[in-house]
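Novice: Order-wise, the sequence lines are chains A and B.
The opening residue of the first sequence carries number 52 in the working numbering; numbering runs sequentially from there.
The opening residue of the second sequence carries number 706 in the working numbering; numbering runs sequentially from there.
Hints are computed from structural coordinates only; laboratory data are not their basis.
Check each hint, because a few of them may be wrong.
What the hints assert, rightly or not - To give an idea of the chain B side of the interface with chain A (calculated C-beta under 8 angstroms), a few residues:
1. 824
2. 826
3. 874
4. 1005
5. 1011
No residue lacks a Cβ here, since even glycine has one placed at the ideal position from N, Cα and C.
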Amino acid sequence: MRIVNLAHGNLYAIGAFVTASLVGNWLAGTRTLILYFLLPAGAFVAAAIGAVLEPTLLRPFYRRAEEYQLLVTFGLLMILEDAVRFIWGPYPLSASTLFSELGSFSIGDAIYPTYNLLVIATGGLAAVFLWAFVYRTRFGLLLRATAQDMRRASALGVNVNRVYVQAFTIGCFMAGLGGAIVVPGQSAVLGMGVEALVLAFIVVVIGGLGSLEGALVGALIVGIFREIGITVFPEIELAMLYLIAAFVLLVRPAGLFGRPA
Amino acid sequence: MSTVAIPLTQGLSIKTVAWAVLIAAALALLPFAVGEYQTILLAYGLIFAIAALGLNLLLGYTGLLSFGHAAFFGTGAYVVALMVKYFHVQSMELFLLGTVGASLVVAFLFGFVSVRYTKIFFSILNLALSQVLWSLAYKFYWVTGGSDGLRVPTPTLLGGAIGVTDDKIHFLSHAYYYYVLVLFLACVLVMWVIVHSPFGKALQAIRDNETRARFVGIRIRQYRLVAYLVSGVFTGIAGALWVPLNGLTTPDILYWPFSGEIVFMCVLGGFQYFTGPIVGAVVFNYLKSWVVGATTYWQALLGIILVVLVLALPTGIVGTAKRIIDKARRAASA
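Construct all of the structure, not just a fragment, from the sequences and the given hints.
Specialist: This is how it looks when you write it as structure tokens:
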């Protein structure tokens, strides 16, 4: 939709915090099976926030230069970062019971936590659903039409405003889901939003703006390079990721899978 | 093709000069009127003003929003810190020389890559590149001190003429304040000349209409690169001046939210005006020091201010003040 949201990482963090406080604090001690089903709660909260933010803060900027969007979402980032601190306090929040409950299994010499399989499965499912949603439903069609030419879509009778809200809400849902699903394995800490945002930017830049398969491939590239970097040469692990992103932008400005603008 | 000579005094009325002299005099007399804390705070503001002035050559005059100028500020700061650590340099002039050189190199590398793009691509590419420096400063702790940063002692000024004194606060609020003030005034003057030169006019033409500017015969990419170099050097100088004042440099000043703060300053003052970034930086500095003292949630408060600014007052402080003054004048003459 050509919205660059610098506060996207904060929605990821909010998803993590909501799920962590729900599963790790308020309902701790409930049967774990129920807790697994409550994991996506953070995603719904993030989506709700997105549904409020888009019409109020972002919509006024579609007609103005793109740079203003960066500024307003940067302001939003600062606000949300402190909102999280205000609500949940400065201490990390964990929901590790869900992680340890599943135990681990070993492949040869390597020990692998079973919970990570759940994360992988969720990620795969989310990707498939999102793809089907965008490319196989009527709503997805309207979405892509609006992204390509907002004015023409509007002239043809598409309720452009509604499409924008829905798309943004889905984006926030995915961010929240990401946060919610990783929180049992790590824990929710302040600043995780900014960290996730920067990684997400690299992923999207490598994959290509406005391309779902690009985002998926980009995420795999970033994940693999990160792991290699951490084991082989930890000092330049992050620098290497940024350099890859800069290199991709240089060679293919639209990213690996993006359409040239 | 002959170049059209535009007199540099164009747009420079006697009134503007009088105001500038008046403000400079006020700034020079200030340490006698207020306490040491206020003077040092103002020195921070003037230093940020140099950085914002540099950023605004891109944002306001060339139409490129860099979300990575922390890279140059940090380059300035770390070059000074590393010169102290490895070469035991003490002279501020040598620091500045080293900084100008280093920021030119960094700006050339970054600029060469990024000026091919505009709009959001330019912004994000700058962000990514500046993050490279941040992660290097963060990870190579045996060189840069990692997240602990590097300490920088008070330097000697004017080739050792003004040496290290015992009273550091007194030094910073007097000798060093004037040093910063003189450099600030010099930077403002240089930027004024650049902006009003044919080169500056060409940048504004590129900002307003890239295609037309190309047809007129302006080499867009070269002009953007030169603007990027100048911008980077200005912000680098600000970083070098900042370090002795702060006494410490940490990777925070290379991290991208700091880039956002420099952008914030320009928007706050009004990036459409020459004086905008100067006013914005000084006001931002006061605002931040006040907000940080007033509440734990200063970040949220600054965020709200930024959002309101962008929504309601896109021309910033200078633009809004101008509008109010114009209105009052019209009301008075009518």
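Novice: Next, verify each hint and record whether it holds.
Specialist: So, going through the hints one by one against the coordinates:
The criterion of a C-beta within 8 angstroms of any C-beta in chain A is met by residue 824/B, whose closest approach is roughly 5 angstroms, and the hint holds. A distance limit of 8 angstroms between C-beta atoms decides the matter here; for residue 826/B the minimum to chain A is near 7 angstroms, and the interface restraint holds. Interface restraint check for residue 874/B: the shortest CB-CB distance to chain A comes to about 31 angstroms, outside 8 angstroms, so the restraint is violated. The beta carbon of residue 1005/B is positioned within 8 angstroms of a beta carbon in chain A (closest approach about 3 angstroms), and the interface hint is therefore held.
A cut of 8 angstroms between beta carbons decides the hint on residue 1011/B: the least distance to chain A is about 3 angstroms, and the hint holds.
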